[in-house]
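J.: Protein chains in written order, with the working numbering: chain G, 1 to 348; chain B, 1 to 287.
Just so you know, the hints here were simulated from the structure itself, not pulled from any lab data. Keep in mind that a hint or two might mislead.
Unchecked claim - Simulated crosslink set (DMTMM-like; lysine to aspartate or glutamate; CA at most 25 Å straight-line):
id, chain 1, residue 1, chain 2, residue 2
1, G, 172, G, 215
2, G, 279, G, 295
3, G, 279, G, 245
4, G, 154, B, 175
5, G, 154, B, 244
6, G, 300, G, 257
7, G, 154, G, 257
8, G, 154, B, 55
9, G, 279, G, 229
10, G, 154, B, 119
11, G, 154, G, 124
12, G, 154, B, 173
13, G, 154, G, 135
14, G, 172, B, 270
15, G, 154, G, 192
16, B, 91, B, 270
17, G, 279, G, 180
18, G, 279, G, 67
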Amino acid sequence: MRKTSETRVTATATTASLRSCLTLIFAIDLFEQNAHSALYAEIERNSDARPLPRLASASVRSNNTIELAGVTKRFVTPAGSSYTALRDVTLTVEPGQFCAVVGPTGCGKSTTLTMVAGLDSPSEGTVRVGGRPVDGIADGTSFMFQADALLPWKTVLGNVAMGPLFHGVPRKTALTQAREWLRVVGLSGFEDHHPHQLSGGMRKRVALAAALINEPSVLLMDEPFGALDVQTKAIMSNELLTLWDQSRPSVIFVTHDLEEAIALADRVIVLTAGPGTVKAIYDIDLPRPRGSVQEIRFGKRFGELHEQVWQSLRDEVTRAYARTGGAPGAPGAPASSALPAITEGARS
Amino acid sequence: MTASATAPAPAAQAASTRKVRPLSRRRLLVHAAQLGTLIFIVGGWQLFTSWKIVDPFFFGQPSGIVAKLWFWINHGTAYGSLGSQVWVTMKEALLGFLFGTLSGIIVGVLLGQVRFLSDVLSPYIKAANALPRIVLGSIFVVWLGLGTSSKVLLAAVLVFFVVFFNAFQGVREVDDQLIANVRILGASRWDVVRNVVIPSALTWIIASLHVAFGFSIIGAIVGEFLGAQQGLGLIISTAQNNFDPDGVFAAMVLIAVIALTAEWLIGLLERSLLSWRPQTAAQARAV
Chain G
1 MRKTSETRVT
11 ATATTASLRS
21 CLTLIFAIDL
31 FEQNAHSALY
41 AEIERNSDAR
51 PLPRLASASV
61 RSNNTIELAG
71 VTKRFVTPAG
81 SSYTALRDVT
91 LTVEPGQFCA
101 VVGPTGCGKS
111 TTLTMVAGLD
121 SPSEGTVRVG
131 GRPVDGIADG
141 TSFMFQADAL
151 LPWKTVLGNV
161 AMGPLFHGVP
171 RKTALTQARE
181 WLRVVGLSGF
191 EDHHPHQLSG
201 GMRKRVALAA
211 ALINEPSVLL
221 MDEPFGALDV
231 QTKAIMSNEL
241 LTLWDQSRPS
251 VIFVTHDLEE
261 AIALADRVIV
271 LTAGPGTVKA
281 IYDIDLPRPR
291 GSVQEIRFGK
301 RFGELHEQVW
311 QSLRDEVTRA
321 YARTGGAPGA
331 PGAPASSALP
341 AITEGARS
Chain B
1 MTASATAPAP
11 AAQAASTRKV
21 RPLSRRRLLV
31 HAAQLGTLIF
41 IVGGWQLFTS
51 WKIVDPFFFG
61 QPSGIVAKLW
71 FWINHGTAYG
81 SLGSQVWVTM
91 KEALLGFLFG
101 TLSGIIVGVL
111 LGQVRFLSDV
121 LSPYIKAANA
131 LPRIVLGSIF
141 VVWLGLGTSS
151 KVLLAAVLVF
161 FVVFFNAFQG
171 VREVDDQLIA
181 NVRILGASRW
191 DVVRNVVIPS
201 ALTWIIASLH
211 VAFGFSIIGA
221 IVGEFLGAQQ
231 GLGLIISTAQ
241 NNFDPDGVFA
251 AMVLIAVIAL
261 TAEWLIGLLE
271 RSLLSWRPQT
281 AAQARAV
């Protein structure tokens, strides 16, 4: 094992130019020291200068409305009883719209995505993409999971090239496309690395490239940046917005981070505590392009929107918390019996 | 994030350490202790038998074993040259290992993938696994005669179950999310098996190969015991009938050499097939 890894490093060093080697060391260094500002500036600069390899045809784009009508999803628990995860969810994502779904833990956010993706089917109601009912996995849909879904035994290049290869694109073309996409997400020079050799943020870039290489008209994201630190998350969010703006797929972005949702989305949907149903829909009228996700949140309008949505979300969060915390207290007084001292302290 | 960011560090560290100190003090000490253990056991054996505390007639003697080996090398065995005997046994073990491993992987992956098949067949497989399959050797000799094929079959049957159970378990342990991901990327069922299921199960399968090769040697030797015209098993059985413990032990030494060589080769295979795996901290220290 040692020997092979060493040989690989040597091979990379000899084939790659000195510059890319330095970039590699520099990048790892930056990630480890968390010198985010320098990296941030670097990526900001690069992302503007990196055009997409090619844009998908307009015909694909025009037909990507996502509609959920009266969708209910029930699961059978191991004990044999029925558990309702989603109840009567109706929502529409317009073509090319960036839609964020927020809600407390366990409200069925991820279940919604799996049904749009065709991994699962609703117990009642219909899910339509581009006017057609979803019955199984459809072409043109990409999914970014919360955890890494990269194959650890494939190189970065191999992981990104999977999409085209599965669609019958010749190997050489697929690898060229994958290289292009790695350049787009700023990972040139890392083609021959394995996922475990990359930082969390870099792995997310690989996953993003792997999801976008298929030129999806529908992009589903399940808390994709949930495991990242705050700075890396901001960088990735900016990257995502830039890439989304260039090909404009319809996006459903599931998150528990309200600021992230408002900063990214055109529309924020608040789900109730489980069983999840649509509580409120907010259209986010912040102008696009949004610019830096980190700075947008200091704006006045952002604050107002945040206030509004949070009002709606707060009740659901406390209700969900009371339920999971096992406190018998009424909604709005979370865990009051469990933590009397703290509650009392806060009131006085 | 923290864990992943530090992941490349141990490998780099280990590589630099190796350049500075090619053979560490600790490693030297381990080798010295290993040599000491060998001298202690073999020397003790030799002394005890020379002093007649232990009867060399029953227990053999290291010097006698070496003499026996030397005799075989120079004058051949009763059934032909020593090299041909070793080759016959090795051939039987290797072929049995090959067939057993391949069929184990194929059936294991198939049953792991097709739920219906595994539900139907699982009681039979469990029953077959619980039986002392070594007894099948007698039937194979009847079926296939005294040649190599009956030994190959016995070795393959023994190997099959070890590899099969690991392959089956490995397939069952595949991360559902990885499968969901490649399916959304457009993978067909065969794409999923080739790109996700088999590589994922390979960790399990390869772990079983070490045990499996041991079984293939057992299969070959026992097969020769039960009836053969050539091979190390036959030599052992003849030595046993002639009250010649030195002969038995000499053949055992040869088998040990074969097994260690095979173990080393499997280790190489393991390292090249699983090179994608992150190096653990323990590995980095040990090497």
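J.: Is the straight-line distance between the alpha-carbon of residue 279/G and that of residue 180/G 25 Å or less?
T.: The given pair, whose Cα atoms are some 42 Å apart, is violated under the 25 Å limit.
J.: With a cut-off of 25 Å on the C-alpha distance, tell me whether residue 154/G and residue 124/G pass.
T.: Measuring from Cα to Cα gives roughly 39 Å; hence the hint is violated.
J.: Has the given pair, residue 154/G with residue 173/B, been kept, meaning a C-alpha gap of at most 25 Å?
T.: The given pair, whose Cα atoms are some 18 Å apart, holds under the 25 Å limit.
J.: Compare the distance between the alpha carbons of residue 154/G and residue 135/G with 25 Å, and conclude whether the hinted pair is satisfied.
T.: With a Cα-Cα distance of about 30 Å, the restraint between residue 154/G and residue 135/G is violated, given a limit of 25 Å.
J.: Need the status of pair residue 154/G, residue 257/G: alpha-carbon distance at most 25 Å?
T.: violated, 32 Å
J.: Does residue 245/G lie within 25 Å of residue 279/G when you go C-alpha to C-alpha?
T.: violated, 28 Å
J.: Is it true that the CA of residue 91/B sits at most 25 Å from the CA of residue 270/B?
T.: holds, 22 Å
J.: Decide if the proposed pair is consistent with the structure: residue 154/G and residue 192/G, CA atoms, cutoff 25 Å inclusive.
T.: holds, 9 Å
J.: Residue 154/G and residue 244/B were given as a pair; does the straight-line alpha-carbon distance stay at or below 25 Å?
T.: Given that 25 Å is the threshold and the Cα spacing comes to 55 Å, the pair is violated.
J.: Can you confirm whether the C-alpha distance between residue 154/G and residue 119/B stays at or below 25 Å?
T.: The hint is violated at about 32 Å.
J.: Verify the proposed pairing of residue 279/G with residue 295/G, using a straight-line Cα cut of 25 Å.
T.: violated, 29 Å
J.: Holds or violated: are the alpha carbons of residue 279/G and residue 229/G at most 25 Å from each other?
T.: With a Cα-Cα distance of about 29 Å, the restraint between residue 279/G and residue 229/G is violated, given a limit of 25 Å.
In this structure, the hints that do not hold are numbers 2, 3, 5, 7, 8, 9, 10, 11, 13, 14, 17, in rising order.
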